[in-house]
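Peer 1: Please put together the full structure from these sequences, using the hints given.
For reference, the chains in residue letters:
There are 2 protein chains.
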Amino acid sequence: MKLKRSSRLVDMTGFLLRHPRKVISLSYFSDRYGSAKSSISEDLAIIKENFESMGVGRLQTLAGATGGVTYVPFMARVEAEQLLDGLKEQMTQKDRLLPGGYLYMTDILGEPKYVNAIGRLIASVYVNEKIDVIMTMETKGIPIAYAVASECNVPMVIVRRSSKVTEGPTVSMNYISGSSKRIQTMVLPRRSLREYTRVLIVDDFMKAGGTMKGMMNLLKEFGAALAGMAVFVEKKDEQPKLVDHYTSLLKLSMTEQDNTLKIENGNVMDQLPNIGMRSEAPD
Amino acid sequence: MKLKRSSRLVDMTGFLLRHPRKVISLSYFSDRYGSAKSSISEDLAIIKENFESMGVGRLQTLAGATGGVTYVPFMARVEAEQLLDGLKEQMTQKDRLLPGGYLYMTDILGEPKYVNAIGRLIASVYVNEKIDVIMTMETKGIPIAYAVASECNVPMVIVRRSSKVTEGPTVSMNYISGSSKRIQTMVLPRRSLREYTRVLIVDDFMKAGGTMKGMMNLLKEFGAALAGMAVFVEKKDEQPKLVDHYTSLLKLSMTEQDNTLKIENGNVMDQLPNIGMRSEAPD
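Here the protein sequences line up with chains A and B, keeping their order.
So that you can map any letter, position 227 of the first sequence is 353 in the numbering used here, and since no number is skipped, the others follow by simple counting.
So that you can map any letter, position 157 of the second sequence is 283 in the numbering used here, and since no number is skipped, the others follow by simple counting.
If you're looking for bench data, these hints aren't it; they were derived computationally from the structure.
Take these hints with a grain of salt, some might be off.
All copies of an identical chain are treated as equivalent in the list; a pair is satisfied when it fits inside any one copy or across any two copies.
Straight-line alpha carbon distances no greater than 25 Å define the calculated PhoX-like cross-link-like pairs of lysine-lysine that follow [claimed, not checked]:
{"id": "1", "residue 1": "214", "residue 2": "290"}
{"id": "2", "residue 1": "290", "residue 2": "333"}
{"id": "3", "residue 1": "362", "residue 2": "290"}
{"id": "4", "residue 1": "290", "residue 2": "388"}
{"id": "5", "residue 1": "148", "residue 2": "339"}
{"id": "6", "residue 1": "377", "residue 2": "290"}
{"id": "7", "residue 1": "367", "residue 2": "290"}
{"id": "8", "residue 1": "220", "residue 2": "290"}
{"id": "9", "residue 1": "339", "residue 2": "362"}
{"id": "10", "residue 1": "367", "residue 2": "214"}
{"id": "11", "residue 1": "128", "residue 2": "174"}
{"id": "12", "residue 1": "174", "residue 2": "130"}
{"id": "13", "residue 1": "130", "residue 2": "163"}
{"id": "14", "residue 1": "128", "residue 2": "362"}
{"id": "15", "residue 1": "339", "residue 2": "290"}
{"id": "16", "residue 1": "239", "residue 2": "128"}
Every value quoted in this text rests on a predicted model; they were computed, and no experiment measured them.
Peer 2: Structure, rendered in structure tokens:
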């Protein structure tokens, strides 16, 4: 069918948003809309201008016969700051403190409006990295890891605490939890990671980093490579950390005596690359 | 700032896609773009026409002083058929059969291109229902449940097999697994569901439906209401089913003797409402 520019813009915008980090050839759009490639290029220039000025992401165009375009989601700095501020406000509500100095954040980890944004921010930090797979440990971190996988348009694999009959042959590994010093087990299906795969590890919470370190070691068993590590919340006073070079969105400190908690930014704002996008927030 | 129509169309499309099932007032867009409401209405007419002809979803407009617009994601029938065909092809690959007659589908459950589409199809079945929360049982069903929650723009809660110190007070319940007849436990944080909440239960796999039935009973403990039940794959020959009125995308039958499996459509195509959208697939 032949579409007018206005309708092409609507459709291309949706199409690009649904296919992040994939090269879409100009011929594909040209066939889809029955339009000349020159018109498609003009459409893409309009979309690029808008995505970059509104802080939605970059549109990378490849010129030449194999000409194509890739939408790379990216969160502008100002939106990232707003997200962290909103999360800090949510998380310092008094009724989140649990006995033993734990923090209730299960609701936030199941709320798409937060989780999708958290996923977009983590993906933005690794915007210049080649990522093949997102890995997480069951259970609470799965939604965030899945949101990152969606933004990066790559599969997610879930490390489990015991092997399941539905997962076929598995690789199992013991590791020592950094804070409790207990021996724990992690299990991953044999066929879920190939050699040389570049893996971004994502989790919801990190104390000393024992689980993170365990997952790093598990990667070695598969001959896979570590592309990065990101956590939603790290506990500040837990020292020494067993891992370094990780990204954290928030940093939590808690005084068990008077049950007060403090949440500040993690290192994410320092790690967010400057990709020269204008920085108005999309909403 | 003042935006031209072409740029408004790009931005509004992205904005609506990021905020499904929410009423956005015309004033909001009018302020956002410094444009008259009449221009915004014209933009929305273009977007509506495109979304409906390309099978992206409906755009419902509310006229009057409180005028607004809601984007409701919906999967066109032809795209739903394509999705099911693609999944059936993937899942009948020979190396998915595991000893004991189990099926390996962990990879599919972690692949955003499938999971997002599965989530959109399930949300489409319940497009005319009021849904407040998506509920699932850990672990493998979480990505699909999260994708449904994203499409419905509502929170997801995860039922767990044992209580965790990070979740505060919980409600715990024993139930009998329909196929193995074993007593199992399910646990949900006390504060994760309010009374009268309408819950859509989503899971990856159903044999006799014991887990589903357990979750139905758990809802009663919270005074919450069942809005629907959906599973990705149901096992065909497991009889009798402990639940009825559920949606299934695929139906699996397996012969353990010669290890052959057959996958056919579940009842989802019968349950997908006819909302009068034109039915070209977005891809």
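Peer 1: What are the numbers of the hints the structure violates, in ascending order?
Peer 2: 5, 14 and 16
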